[in-house]
Amino acid sequence: MPSTMHREPVVSIVIATRGDAATIRRALESIQNQTLRSHETIVVDDGSTDGTPGIVDNMAQRDLTISLVQADGCGLAAALDLGMSRARGHYLVFFDASGWANPDMLADLVGAAEESSLELAIAGFSATVVGDGRRQESIEANQPAYVFPTQHDFRAGAWQLFEGNLLSSPCAKLFLRSRVEGLGLSFADGDGDCTDALSFMAGYVRDVERVGLTGHAHYHVESRSPQRLPGFSVRDYRALERQYGTLVGVYHHWGLDGDPTSMGLIQNRYFECLVDCVAGVFSDRSGLSAAERRRLVGEMVSSDRARLAADVARPRGMGAKAMQGPIRSGNAGLAYTEGFLASFMKRGGERGLGPFCTSL
Numbered sequence: 001m002p003s004t005m006h007r008e009p010v011v012s013i014v015i016a017t018r019g020d021a022a023t024i025r026r027a028l029e030s031i032q033n034q035t036l037r038s039h040e041t042i043v044v045d046d047g048s049t050d051g052t053p054g055i056v057d058n059m060a061q062r063d064l065t066i067s068l069v070q071a072d073g074c075g076l077a078a079a080l081d082l083g084m085s086r087a088r089g090h091y092l093v094f095f096d097a098s099g100w101a102n103p104d105m106l107a108d109l110v111g112a113a114e115e116s117s118l119e120l121a122i123a124g125f126s127a128t129v130v131g132d133g134r135r136q137e138s139i140e141a142n143q144p145a146y147v148f149p150t151q152h153d154f155r156a157g158a159w160q161l162f163e164g165n166l167l168s169s170p171c172a173k174l175f176l177r178s179r180v181e182g183l184g185l186s187f188a189d190g191d192g193d194c195t196d197a198l199s200f201m202a203g204y205v206r207d208v209e210r211v212g213l214t215g216h217a218h219y220h221v222e223s224r225s226p227q228r229l230p231g232f233s234v235r236d237y238r239a240l241e242r243q244y245g246t247l248v249g250v251y252h253h254w255g256l257d258g259d260p261t262s263m264g265l266i267q268n269r270y271f272e273c274l275v276d277c278v279a280g281v282f283s284d285r286s287g288l289s290a291a292e293r294r295r296l297v298g299e300m301v302s303s304d305r306a307r308l309a310a311d312v313a314r315p316r317g318m319g320a321k322a323m324q325g326p327i328r329s330g331n332a333g334l335a336y337t338e339g340f341l342a343s344f345m346k347r348g349g350e351r352g353l354g355p356f357c358t359s360l
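Under full-length UniProt numbering, the residue at position 285 of the sequence shown is numbered 285, and the numbers go up by one with no gaps.
Since the hints were derived computationally from the structure, they do not count as laboratory data. Treat each hint with caution, since some may be false.
The calculated lysine to aspartate or glutamate pairs, modelled on DMTMM-like cross-linking and capped at a C-alpha distance of 25 Å, are [claimed, not checked]: (1) K321 / E137; (2) K321 / D259; (3) K321 / E209; (4) K321 / E241; (5) K321 / E299; (6) K321 / E163; (7) K321 / D311; (8) K321 / D304; (9) K321 / D284.
Here the structure is a predicted model, which means the values were calculated and not measured.
Taking the hints into account, I'd like the entire structure generated from these sequences.
Shown next, in the form of structure tokens:
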């Protein structure tokens with residue numbers, strides 16, 4: 001077992017930054033305040049043009065556990081990979097530059113991992129949407145402390161973790177660095193700016209055996225309001241399709257692709273995110289012409305995958321419910337109209353796009 005007596009740190013924390021001057025100090029200070037002292041923090045800056053590098057460098061001058069790596073223009077995914085390559089700790093933890101942690105997060109994660117020989121320890125988190133300097137909405141994702149007795153138990157219950165947004169992001173989790181390296185996991189897949197967190201998580205849990213939950217929401221993150229998020233791009237839709245395929249592939253590997261509960265969750269989540277993508281086509285910032293919008297909406301709603309999801313989905317939002325009929329029937333024209341209406345509604349401030357509609 002690792003201990004604070006070792007020369008190498010117990011935990012390596014990796015942060016990728018780009019234009020995070022407003023939040024990076026808080027993130028680093030929350031790490032400095034951890035009760036578990038044996039850790040290092042690797043901050044990889046992806047070409048920030050604000051004061052982010054200066055803030056990190058100044059803190060690194062006074063705290064040797066912090067290091068700054070300049071990686072101008074490599075993309076945030078490649079920045080995370082670069083940070084991992086510099087890590088020396090027994091465990092890996094990923095931080096968002098806008099996040100911060102309770103003082104006992106690392107101690108709790110490491111304690112749980114060592115007590116039960118876990119390959120993956122999961123803490124809960126809270127996420128707050130902030131716009132115009134005001135807190136708009138806050139959610140907490142957490143489940144009671146629990147160690148899955150067997151690999152089969154974890155696989156059978158993983159759908160609850162995916163549904164509760166506890167497996168979609170690598171943040172608020174403790175990974176074995178040797179296992180990440182042995183599996184050859186990375187965030188970049190040829191497009192350095194495409195942070196495929198879900199694919200990273202899917203690769204890690206594919207054959208994982210020992211998984212546990214700490215039961216504490218130790219991690220907190222803020223995100224910008226949907227009105228200030230970047231506009232939709234075709235890459236958002238391509239990422240959704242790729243992530244859906246990744247998740248279905250994991251369940252197929254587990255022999256659970258016939259499990260109605262697990263697959264129902266995946267289809268429902270995919271459908272809601274597909275509706276987000278259709279609505280995003282009509283964003284003022286999408287840069288798409290009317291003809292391009294019609295072509296892309298037609299492509300989105302005419303696939304067998306989309307129709308299957310529409311058949312089994314139980315959407316919560318009114319916009320998604322209105323889209324079920326057009327997608328079931330493959331009616332691209334009606335889907336185009338409903339997508340325009342959904343986009344108009346979302347301008348009032350629903351939610352933004354993210355990997356399987358979850359992003360930390």
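Hints, verified against the model:
no.: 1; hint: K321 / E137; result: holds, 23 Å
no.: 2; hint: K321 / D259; result: holds, 24 Å
no.: 3; hint: K321 / E209; result: violated, 38 Å
no.: 4; hint: K321 / E241; result: holds, 20 Å
no.: 5; hint: K321 / E299; result: holds, 19 Å
no.: 6; hint: K321 / E163; result: holds, 19 Å
no.: 7; hint: K321 / D311; result: holds, 11 Å
no.: 8; hint: K321 / D304; result: holds, 18 Å
no.: 9; hint: K321 / D284; result: holds, 23 Å
When the structure is compared with the earlier hints, a violation turns up for hint 3 alone.
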